[in-house]
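Once you know that position 39 of the sequence shown is 39 in the working numbering, the rest is easy, because the numbers rise by one and skip nothing.
Hint data in this document are derived by calculation from the structure and do not stem from the laboratory.
In this text the structure is predicted, and so the values were computed from the model without any measurement.
Yeah, the Cβ is synthetic: ideal placement off N, Cα and C, and Gly gets one too.
Hints should not be assumed to be uniformly reliable.
[Said to hold, decoys possible] Pair ranges (Cβ atoms, derived):
id	residue 1	residue 2	range
1	Q98	T64	49 to 57 Å
2	L12	K51	31 to 39 Å
3	N67	A103	49 to 57 Å
4	G44	V4	38 to 46 Å
5	H97	I68	49 to 57 Å
6	I73	L99	33 to 41 Å
7	G72	Q98	37 to 45 Å
8	L82	I111	25 to 33 Å
9	A2	V35	41 to 49 Å
10	L12	S62	53 to 61 Å
11	I78	Q98	57 to 65 Å
12	T64	A103	53 to 61 Å
13	A104	T64	27 to 35 Å
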Amino acid sequence: MAAVEVHHPRPLPPAHTMPPLPVQPGSIPAVATIVLPDGRTVTGYAITPAKPEPAAAKPAVSRTAVNIALGGIGFGAICGGLILLTTFIAALAALIHQLVILAAVIFGGWIAVQVFGANRHRGGTTVTIRKAVFKRNHFHG
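When you get a sec, could you build the whole thing from the sequences and use the hints?
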């Protein structure tokens, strides 16, 4: 069996000891010295707490984001109006198309009545041809 060695820590001997500097009330010295309970002295620089820079007063939402949002709302409103405008133009074009067709039907009907209507002659000469013979594109009466 091997012998077990036990190591006990030994405290370090204190370095040079300086008497603590007197501290004026309300100020921190540039170099601070602290005496620990076991008699050691620790000397170091005092750390002054860093003051955070005051943040610039920024709005909760950036102006660019607000402008983009307002532009989107305006564009959406305009698109709705444009859809109504294009619908109105399409309906107007369909109405004009139907009116043109109606006018053509009515005018065509009027012409048909004039051509194929009753044989009422208002003046002029009426010629009645009976037993007419056409031979080789020549009329024999």
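Requested in this report: Determine whether the Cβ-Cβ distance between T64 and A103 falls within the hinted range of 53 to 61 Å.
Outcome: About 57 Å separates the Cβ atoms of T64 and A103, which means 53 to 61 Å holds.
**Report entry** C-beta pair Q98, T64: status relative to the range 49 to 57 Å that was hinted
**Finding:** holds (51 Å)
Query raised in the report: L12 and S62, beta-carbon distance inside 53 to 61 Å?
Result: holds (59 Å)
Query raised in the report: Given a hinted range of 49 to 57 Å, is it respected by the beta-carbon distance of H97 and I68?
Result: For H97 and I68 the Cβ distance comes to about 42 Å; the hint is violated.
Query raised in the report: Do the beta carbons of L12 and K51 sit within 31 to 39 Å of each other?
Result: holds (37 Å)
**Report entry** Cβ distance range 33 to 41 Å for I73 and L99, holds or violated
**Finding:** Holds, at about 40 Å.
**Report entry** Beta-carbon spacing of G44 to V4 - inside the hinted bounds 38 to 46 Å or not
**Finding:** holds (40 Å)
Query raised in the report: Is the distance from the Cβ of I78 to the Cβ of Q98 consistent with 57 to 65 Å?
Result: violated (30 Å)
Query raised in the report: Has the hinted range 37 to 45 Å been met by the Cβ atoms of G72 and Q98?
Result: holds (39 Å)
Requested in this report: Using the Cβ atoms, figure out if N67 sits within 49 to 57 Å of A103.
Outcome: holds (53 Å)
Report task. Take a look at whether the Cβ-Cβ distance between A104 and T64 falls inside 27 to 35 Å. Result -> Given range 27 to 35 Å: violated, Cβ gap about 59 Å.
Requested in this report: For A2 and V35, compare the CB-CB distance with the range 41 to 49 Å and indicate the outcome.
Outcome: For A2 and V35 the Cβ distance comes to about 43 Å; the hint holds.
Checked against the numbered hints above, the structure breaks hints 5, 8, 11 and 13 and satisfies the rest.
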